[in-house]
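Colleague: Protein chains in written order, with this note's numbering: chain A, 18 to 398; chain B, 18 to 398; chain C, 18 to 398; chain D, 18 to 398.
Note that these hints are calculated values from the structure, not bench results.
Be a bit skeptical, because a hint or two may be false.
Copies of the same chain look alike in the list, so a pair counts if it works inside one copy or between any two.
Subject to a maximum C-alpha distance of 27 Å in a straight line, what follows is the list of computed DSSO-like cross-link-like pairs (lysine-lysine) [what the hints assert, rightly or not]: (1) Lys256 <-> Lys343; (2) Lys376 <-> Lys343; (3) Lys268 <-> Lys376; (4) Lys268 <-> Lys256; (5) Lys123 <-> Lys398; (6) Lys343 <-> Lys258; (7) Lys76 <-> Lys123; (8) Lys70 <-> Lys258.
There are 4 protein chains.
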Amino acid sequence: MQQQFIVVRQHTENICRPLELEDYVVQPVADASPPKWHLAHTTWFWEEFILSKYANGYKRFHPRYAFLFNSYYDSVGERVLRLHRGNMSRPTVAEIMEYRAYVTEKMTHLLTDMPPEVQGLIDIGINHEQQHQELLYTDIKYILGHNPLFPVYDTNFAEQSTAPVPTEAFVHIPEGLYTIGYTGKAFSFDNEHAVHQQHLGAFSISTGLVTNGEYLEFMNAGGYDNPLLWHSDGWSWVKEKQVISPLYWHKIDGQWHRYSLSGLEFVNPEHPVTHISFYEAAAFAEWRGMRLPTEYEWEAASERFTWGQRWEHTNSAYLPYPGYRKPPGAVGEYNGKFMINQMVLRGASVATPELHSRKTYRNFFHPGLQWQFNGIRLCKK
Amino acid sequence: MQQQFIVVRQHTENICRPLELEDYVVQPVADASPPKWHLAHTTWFWEEFILSKYANGYKRFHPRYAFLFNSYYDSVGERVLRLHRGNMSRPTVAEIMEYRAYVTEKMTHLLTDMPPEVQGLIDIGINHEQQHQELLYTDIKYILGHNPLFPVYDTNFAEQSTAPVPTEAFVHIPEGLYTIGYTGKAFSFDNEHAVHQQHLGAFSISTGLVTNGEYLEFMNAGGYDNPLLWHSDGWSWVKEKQVISPLYWHKIDGQWHRYSLSGLEFVNPEHPVTHISFYEAAAFAEWRGMRLPTEYEWEAASERFTWGQRWEHTNSAYLPYPGYRKPPGAVGEYNGKFMINQMVLRGASVATPELHSRKTYRNFFHPGLQWQFNGIRLCKK
Amino acid sequence: MQQQFIVVRQHTENICRPLELEDYVVQPVADASPPKWHLAHTTWFWEEFILSKYANGYKRFHPRYAFLFNSYYDSVGERVLRLHRGNMSRPTVAEIMEYRAYVTEKMTHLLTDMPPEVQGLIDIGINHEQQHQELLYTDIKYILGHNPLFPVYDTNFAEQSTAPVPTEAFVHIPEGLYTIGYTGKAFSFDNEHAVHQQHLGAFSISTGLVTNGEYLEFMNAGGYDNPLLWHSDGWSWVKEKQVISPLYWHKIDGQWHRYSLSGLEFVNPEHPVTHISFYEAAAFAEWRGMRLPTEYEWEAASERFTWGQRWEHTNSAYLPYPGYRKPPGAVGEYNGKFMINQMVLRGASVATPELHSRKTYRNFFHPGLQWQFNGIRLCKK
Amino acid sequence: MQQQFIVVRQHTENICRPLELEDYVVQPVADASPPKWHLAHTTWFWEEFILSKYANGYKRFHPRYAFLFNSYYDSVGERVLRLHRGNMSRPTVAEIMEYRAYVTEKMTHLLTDMPPEVQGLIDIGINHEQQHQELLYTDIKYILGHNPLFPVYDTNFAEQSTAPVPTEAFVHIPEGLYTIGYTGKAFSFDNEHAVHQQHLGAFSISTGLVTNGEYLEFMNAGGYDNPLLWHSDGWSWVKEKQVISPLYWHKIDGQWHRYSLSGLEFVNPEHPVTHISFYEAAAFAEWRGMRLPTEYEWEAASERFTWGQRWEHTNSAYLPYPGYRKPPGAVGEYNGKFMINQMVLRGASVATPELHSRKTYRNFFHPGLQWQFNGIRLCKK
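Could you build the full structure based on these sequences and the hints that come with them?
Modeller: Structural data, given as structure tokens:
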């Protein structure tokens, strides 16, 4: 446990290593957060929920940090409004790294002799920090990818594996009752619990993800101009944001490029398309005469295909499983309070840390967001 | 059929009878429409989808009305933006009544000798007009209820039946596979089709609706001040809109009043609470340590309780049933395009026209809307 | 006085005579008001400032009207927010006409035996109502001109006189000290008082107004595409509102048309251009290598040219004359509180009632507004 | 000239010396800019208007910087939108300091053998950089003063001199013709040229500025709650922004504090009030039964009082002097394009660099801005 804790803490810092100090500070859009904030917030979590409660005589690193680095935990105290995070030049990155070192050291010490009732919270803390590692990648990409100079994050960063892309094929899944939810013994989030039966009709699901080449066909066929392919809210989104392509795509001298963490490059038609919103995924599926899977279908079929490079859009709203109850107190705010207005994504992505994925994992976003490494898997019948 | 058509057309006009001419014109909020617009739009539907296609030599009443009274049918043509409907003083109410008479007469004639393939569209037209009858009531209430003079619509209009309110009791529904969707032979919407099996765990559901008195307890216990009871988006909604009570409630001289279509009155603690958003319904349920039913639970249990005065909030997102496919063309826009970002309501309300309700009917609204005659039924376990 | 009062009251109602009842109700933009509101507000003014104070035993027509028809007079009481005026279907037009008749009758009676100290207020009331007559025309034009059916207000309404347009000529005004402000004995507003000396350098001013034909040259020369011609805020206005022509201009089948109160018509190149904002007037002048006059120059030169069909843009901000003091109380809010962020217009327009113009009159609007019958007179040196 | 150039360039950098690197990056409000941007933009000015035109074989430091650091000069090229400046983590501060060194060196070389026709542009460049020095102070204060940790900029920075505050006294200025505008031989801006005569009535003007103590009296007398004291737009501003005190004031434990560049401190009742908008200054004057001076009165009286610590609000709109013509080309955008919707401030402030003030200098801001070191001087009669 101590070992895992230290590895996770270091990984967070390693993700930031290629950055210039200035990159830690900015927040170009309300949905993203400055890397500096992620570094501090994940540290605050340990301080707030574990050290201040279970470490004898623990002295907080700074009296105002609980106010500054709290996120959505309305019950803990006031919050610095999410969209002002990018205006906070202080504390400095150096001060936050000190804060991290201080808390990491105190936690390491606590973990040598941990009260058994804390185990669950520590698991949450580790998984919480891993979730922010994922967000660090997506937010860093947003920061660098919206800079007119298109700075490279890491020339060796591969946004997709070089494994051969499977040819499109559909596997058939028979009608039946399927068990949904996490049944293992390792950590999982409360939103995966409440294991239950789900009756599914027969369906077919693709073994591969939609590629850039296929998505370009949709674009060239006028996909962004045909309201009949879109949800009503999706069409409003296209018009209001003037969307004409996935995020990070740029037409330069007549040629589609995309910004990746290794720099600006040609769009590779064989790579899986990514940075498309739920609305775009659904419109593409409609255009192909198919549909997105539900999260139940995805989970039931997940042994039959390879996944893990792209969070995959589903046509399921993020809602509680039958029998789900929010845990009491501030930790109860972790998942339950977001169970409205969002759609479920399944799988994992190139930004997901090792050991932080499983087939029952439920990620969730508002349907108009593009900044995740997401993708499209199709379903029919 | 001809008879039913005429009855429906007349009912639409009857709903407007108590209005002053000025009331037909205004649109105090983007979500509502002027009564004048409802009168014209329901007429346009017949003209656009039936008369102009199936009535030999049909001459449109006015060349611009297709543009003016189209609603969400993006594929038919340009639209007058929804939020400008209340700025259109012309055509006048008298002109729209002429338009109605003209189309009703042409339709009546067509119905004497109707091509059989039109039957389905006529059913849709009738149900479409009935949906707008419901909206006429809610929009008229919004218009009058937001006027500082609180004008009476009809002193005899009862927003709830005088039948004794059932004492709160919970009925138990056993685990099992339940058939969901419309299996009868009368008209139903495409979103109720695709009949399928749904596996449900055991649960208990209340036979009565939450009353004003119970809701006042929630208010008095600080329900609107406790973020832990609310969804994250719900809490933002409360703060941004400064909501402190159901819609149409006014504290006057220390006493809660509510505007009803029969005028301003004291809040009756025994009546079912209404004009609460999904967010409020969910927060109330959380406060009571219970939850809202899913739409499947509601449908499975619906024989066990009385319903029909309030559209009832469910915790189900409005999504396609397994196997659902949008019908082709503009009529395909009817339901499918709205299957995102909305929650399902089940039942019917005092505004629902006769013969326009059934247990499989799926209504849907964004979770922050209060202007429907909705209500709260609780579930536990 | 009594006679003048009655004439003014009738003229207000006459302006509305060609309207359909529905036209009285709507408010398509926050800057305009529904005709119904103008009818009531001008009546409220008499009730609030004269009848309720000077008519013995006067009984207000309705207890809530002071709340409903108050405008900007923050010190009198609460206000119904300006942008909700168009949502008020009640009181009805008929009720407001009753209100008018009631107040007109009481006032007529009071005027037979008027306390001498009221004279000044009555002058203000008459001039106040005349200002709203002007606004009635501009707001009616906005309502009808933004209706997709382009309804005619009055086929005989001439937006410009048929007198021959003067050929462009410039008259020279010598350097000197000029007296500015109203020195006569009839009514004038406080903002014209504080007569003072203004030193002006020599300048030349055009005897004619810029015509549609000249303005079309500006448009065809790319005037709306060249940021160097515009104020910084003006350029933002052009971009944000996507302005490409004066208000009410429509290019139909390749031909410029304009909506006038007598209906849609071809743009007549010899008529004076109108419905252009200050920003457009200033950009046009810049393009011509000239400038707009200041209000002092305009007043000093006003005997040398014909004016009265168009309010004329000046390059003067609406500020107090030296020595100006706001009158005490609510009437003091009449002019002084608007002396910021607005530009002065001089002259009068086709919408101005008889006897309501003089060379010292100061009208004022925000620089981005187009809905007045305004125009451009040029100055050089 | 070379010497002056070097001193100015160094002063810009010196102002930033106390900052942490993170402070260079952020932009907490659209009206402020990141210090990094000021450092680069002032450098770009030299490169764009002088080096690229007059230095033989000059090679731009970076091909994209003209795009990134252009400000309002619409005619030079595209602009990075003003409100995205704070999202640009690259170029880094180190890169911008290199850019500065490169341009300073090239300029220094050019200045040893300068073509005479460049003199005027160099004067503008120096004064332009000095204006940004002033903005650096105000923007740094905004950045630090809006940080919840209230970091100190420089413990020795005095926001006001320790010279004794003059007791309030009014000096009388007689009626007459006064010469307005710059008549000297040193550099001045085009907006001060076009020297002309202005006729002024007699008036009295205060020799001292309004103090915090006096302003507290206004606050305690309900100044922010009385609409009769405010312009209409000012009252909307108070309500919308919920203003209850000058900027940077905080009531802590019942005691008014203010953030200054030397840290959080008690409000000193004897210091001149600052960080109040034009609206607040005008409301205060109204409350005192006095008024703000016009810019002409200020200039005519300026020998009679001490000024230089606070930019002083006037009741004059920022408009061209009689005979003013915009210079041709991009430099012509410098002043003329802002001559709308802004009010003139006169004097200078603690943030103004040495040699950058004179009695004819015209500064200008929108009336709702508080972030300048401004102040109130009163006038009567």
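Colleague: Evaluate each hint against the coordinates.
Modeller: Against the structure, the hints come out as follows:
1. Lys256 <-> Lys343: Answer is between: at 22 Å across copies they meet the 27 Å cutoff, but 38 Å inside does not.
2. Lys376 <-> Lys343: within (22 Å within a copy, 30 Å between copies)
3. Lys268 <-> Lys376: neither (36 Å within a copy, 52 Å between copies)
4. Lys268 <-> Lys256: Both: 19 Å inside a chain and 24 Å across chains, each within 27 Å.
5. Lys123 <-> Lys398: Answer is neither; intra-copy 55 Å and inter-copy 41 Å both fail.
6. Lys343 <-> Lys258: Answer is between: at 26 Å across copies they meet the 27 Å cutoff, but 35 Å inside does not.
7. Lys76 <-> Lys123: within (10 Å within a copy, 54 Å between copies)
8. Lys70 <-> Lys258: neither (46 Å within a copy, 36 Å between copies)
Violated hints for the displayed structure, listed by number in ascending order: 3, 5 and 8.
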